[in-house]
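Engineer: Just so we're aligned: 195 in the numbering used here is position 195 of the sequence shown, and the numbers increase by one with no gaps anywhere.
Honestly, I wouldn't trust all of these hints.
[Unchecked claim] The calculated DSBU-like cross-link candidates involving lysine-lysine, where the alpha carbons are at most 30 angstroms apart (straight line), are:
| hint | residue 1 | residue 2 |
| --- | --- | --- |
| 1 | Lys119 | Lys84 |
| 2 | Lys119 | Lys59 |
| 3 | Lys119 | Lys106 |
| 4 | Lys162 | Lys175 |
| 5 | Lys115 | Lys4 |
| 6 | Lys25 | Lys60 |
[To be verified] Across the chosen pairs, the derived CB separations fall in these ranges:
| hint | residue 1 | residue 2 | range |
| --- | --- | --- | --- |
| 7 | Ala189 | Leu156 | 13 to 23 angstroms |
| 8 | Lys25 | Arg66 | 45 to 55 angstroms |
| 9 | Leu210 | Ala189 | 21 to 31 angstroms |
| 10 | Lys218 | Asp15 | 51 to 61 angstroms |
| 11 | Asn13 | Met93 | 18 to 28 angstroms |
For the record, the hints were derived by calculation from the structure and aren't laboratory data. Since we're looking at a predicted model, the values are computed, not measured. The beta carbon of each residue, even a glycine, is placed where N, CA and C say it ideally should be.
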Amino acid sequence: MGSKGYFIVYQDNDDLRDIHYQQIKLRLGQDIPEDQLELRDQVDKTLTVLKMIFEDDDKKYFTYFRQLLSLSQLGLVGNSANPKLAMRALNTMKDDILSLEGGKVKNIYMLQLGKAALKLSILPFALFFIVLYFGFSSTIPYYLCSIIGSLLGVWLSFGIRKIYLKFEDLNILEKDRLNPYLRLFFSVALTIVICLLITTQAAVFEIGGLSTKNYLSKYEISFLVGVFCGISEKALSIKVGQQAAEFLGLKTL
């Protein structure tokens with residue numbers, strides 16, 4: 001059963017990609033129902049996602065925009081507004097968008113991250129063979145193996161963590177909002193710190209029969225250390241921060 005709507009809803013004249021809500025005049029002591037306010041907020045959030053994932057595709061954007069505008073008017077306008085039905089329609093619409101666009105969004109990001117990791121791995125890969133050929137150092141090649149491994153690990157990490165996407169993930173796949181290159185640089189820096197801890201024997205890690213005590217004896221181990229650092233860079237950053245604070249005698253929040 002419908003109820004009184006407290007808004008006039010239409011396409012914004014100044015920004016055709018936006019929806020404008022004009023609140024009708026309220027009588028003294030009158031409040032806008034919570035379900036209408038919630039519907040408006042959810043429509044705005046959905047619109048934000050659509051603007052970001054269809055930034056360069058007006059055809060798809062306005063296909064969904066018209067649906068969003070219609071259900072907003074259904075739930076917020078007139079004497080027979082039905083916010084409950086409009087919310088159900090909104091949830092169905094979000095599920096449809098996720099089904100149709102979720103895989104594309106994830107694949108595009110994984111390609112971007114993979115290309116960035118591949119580009120950044122060229123330098124350490126080349127340096128690895130140069131150092132080996134000229135024999136500049138007995139330690140650096142192992143660090144370079146770990147750096148290359150960490151770049152692969154970051155790429156694997158996204159696929160492991162984001163097996164299934166939610167609608168709210170479509171416009172912000174990574175909650176910390178780092179772009180691919182910054183994420184990879186951060187992982188490399190963190191990996192170098194871990195490698196320094198290992199080579200100075202300040203930390204020893206063991207997984208089954210694999211021990212970081214052999215870090216400087218096998219390139220496979222140093223590569224795997226990097227991969228694990230890349231996969232778990234978010235958890236490692238917190239752990240390293242806590243350990244650093246304890247080492248300096250500082251309190252962590």
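Engineer: With reference to the structure, classify each hint as holding or not holding.
Structural biologist: Evaluation of the provided hints:
{"no.": "1", "hint": "Lys119 / Lys84", "verdict": "violated (50 angstroms)"}
{"no.": "2", "hint": "Lys119 / Lys59", "verdict": "violated (33 angstroms)"}
{"no.": "3", "hint": "Lys119 / Lys106", "verdict": "holds (20 angstroms)"}
{"no.": "4", "hint": "Lys162 / Lys175", "verdict": "holds (12 angstroms)"}
{"no.": "5", "hint": "Lys115 / Lys4", "verdict": "violated (53 angstroms)"}
{"no.": "6", "hint": "Lys25 / Lys60", "verdict": "violated (35 angstroms)"}
{"no.": "7", "hint": "Ala189 / Leu156: 13 to 23 angstroms", "verdict": "holds (19 angstroms)"}
{"no.": "8", "hint": "Lys25 / Arg66: 45 to 55 angstroms", "verdict": "violated (28 angstroms)"}
{"no.": "9", "hint": "Leu210 / Ala189: 21 to 31 angstroms", "verdict": "holds (24 angstroms)"}
{"no.": "10", "hint": "Lys218 / Asp15: 51 to 61 angstroms", "verdict": "holds (59 angstroms)"}
{"no.": "11", "hint": "Asn13 / Met93: 18 to 28 angstroms", "verdict": "holds (24 angstroms)"}
Checked against the numbered hints given earlier, this structure breaks hints 1, 2, 5, 6, 8; the rest are met.
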